[in-house]
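Engineer: Residues per chain, in single letters:
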Amino acid sequence: MFLEFAKGLSITFKHLLPGHSTTVQYPKVKLQMSDRFRGLHRLVPSQDREKCVACYLCPTVCPAKCITVESAENEKGEKYPKIYTIDLLRCIFCGYCVEACPVEAIEMTGAYELADYNRDDFQFTKQRLLK
Amino acid sequence: MMPEMLSLSNSPGIFVGVMLVKLLAVFGVTIFIVAYATWWERKIIGHMQTRLGPMRTGWHGLLQPIADGLKLFFKEDLIPDQASKVPFLLAPLMILIPALITVAVIPFGPDLHIGNFLIPQQITDLNIGVLYIFAFTGLGVYGIVLAGWSSNSKYSLLGGIRATAQMISYELAAGLSIIAIFMLSETLSLREIVSLQQQDLWGVCSFVPNWYIFSQPLAFCLFFITGLAEINRTPFDMPEAESELVSGFCTEYSSMKYALFFMAEYANMTVISAITVTLFLGGWSAPLNIAIFTMVPGFVWLLAKVFALMFFIIWLRATFPRVRYDQLMFLGWKVMLPLALLNVLITGLVVVILQ
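Residue numbers (the numbering used here), protein chains in the order written: chain L, 465 to 595; chain F, 307 to 661.
Do not take every clue at face value.
For each label pair, taking beta carbons as the anchor points, the in silico distance ranges come out as [claimed, not checked]:
#1 F:Phe-338 - L:Leu-495: 47 to 55 Å
#2 F:Ile-485 - L:Leu-495: 31 to 39 Å
#3 F:Ala-373 - L:Asp-585: 42 to 50 Å
#4 L:Thr-487 - F:Lys-460: 33 to 41 Å
#5 F:Thr-363 - L:Tyr-520: 34 to 42 Å
#6 F:Leu-329 - L:Ala-579: 48 to 56 Å
#7 L:Leu-495 - F:Pro-627: 43 to 51 Å
Among chain F residues calculated to face chain L with C-beta under 8 Å, some are [said to hold, decoys possible]:
#8 Leu-314
#9 Trp-346
#10 Ile-350
#11 His-353
#12 Met-354
#13 Arg-357
#14 Ala-624
Just so you know, the hints here were simulated from the structure itself, not pulled from any lab data.
Ideal Cβ positions, reconstructed from N, Cα and C, are used throughout, including at glycine.
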């Protein structure tokens, strides 16, 4: 019995020695996010416009129904999204939109510090998603 | 001219002045230790759980106790509607005051020779010092029971009842383990107990002091464990038991009244360490009778030993889970008490044979 007591004490003492802490001092030190981390979305731009062709696959597959797309035609006769909004308050960051996209026009970044003060600020419009 | 002991009769003015200085010093140091024990505990437990503990307030969280105190001051002071008001207000004081008052008999150095007077480095040298300590640590439980009962809440009441049962079972074994010390020292005055411990070990080994831990290792273990149970520290923190009783007897308390309970817990920890050090580890005397060690002032050794014991208590808290209630009672009545009685018996036999 006493041997077990000593064992337990030695384990906790070992952890006390410097270099055993696993804490990251968060706002000062930040961990490198994995490439596959699912953070804030980003619309990928091409030469003069966004890659998106407004095919409506992402709002269809979205389980949280947080993506709003309205398509239109530009002067070259190409389909493009006139409105593309992601409601982050509804988004569950599942990444299905990225999987569904046939032209790889939407991707997820490593940004995770998404807190804000107004509900309206969580509506990510096309302009904000293109950044 | 022979220096004489400073007392109220030979020089009342100086006596009162010196006494005030001693009181302020001892009280200040105790409060400081109590405040920083919280920081120290959070740091040590944090690191033992591979965390860092407080880091933000000041350098490595050094200002944390002050921040905590300020926060508790600004909290709403709530008294439950159904509580019995007077005992509810009285209970925090009844825990804290006995804890702080016990420090008065702990000697913290040799007599100072100033002018024609000898000034003892101890607030008061009672010839029944140990009895006084036991009386006041025993009083502490009234605060817990009153707090539990007057809050008029089930969790608090259960905490209070547990504290009573625990105190009764462990006070006995603690008292009995100390009796073996008196058999050796033949005095109850802490000052003399410390001076006896400065002699050579069993009159043979000249550089090791005659600490009672060497002659009474069993009594030391018993006293330390029962001490832990008496001050409600983990693994015997049944009266508070966060996971079972919310917060036990202090569930209904808030603001500074809660802070008083908190302070009392750490004050108790300091006091029990100081008592153990004085009774078993030679008090303020140096660990080896070597000139380099004995040159260091007594209070440094006392504080060093107290801090070492407090570290051990915190270390225990980080390591062991809380014992179950029936295990606690089993340990108290069926293990500690017989062992303490046996220790008294053996010590008595040895003392008689050696005479």
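Engineer: With reference to the structure, classify each hint as holding or not holding.
Structural biologist: These are the hints, each one checked on the structure:
1. F:Phe-338 - L:Leu-495: 47 to 55 Å: 38 Å, violated
2. F:Ile-485 - L:Leu-495: 31 to 39 Å: 59 Å, violated
3. F:Ala-373 - L:Asp-585: 42 to 50 Å: 32 Å, violated
4. L:Thr-487 - F:Lys-460: 33 to 41 Å: 37 Å, holds
5. F:Thr-363 - L:Tyr-520: 34 to 42 Å: At roughly 53 Å between Cβ atoms, Tyr-520 (chain L) and Thr-363 (chain F) fall outside 34 to 42 Å, so the hint is violated.
6. F:Leu-329 - L:Ala-579: 48 to 56 Å: 52 Å, holds
7. L:Leu-495 - F:Pro-627: 43 to 51 Å: 32 Å, violated
8. Leu-314: 48 Å, violated
9. Trp-346: The hint is violated - Trp-346 (chain F) has no Cβ within 8 Å of chain L, the shortest such distance being about 12 Å.
10. Ile-350: 7 Å, holds
11. His-353: 5 Å, holds
12. Met-354: 4 Å, holds
13. Arg-357: 5 Å, holds
14. Ala-624: Hint holds; Ala-624 (chain F) Cβ to chain L Cβ min 5 Å, cut 8 Å.
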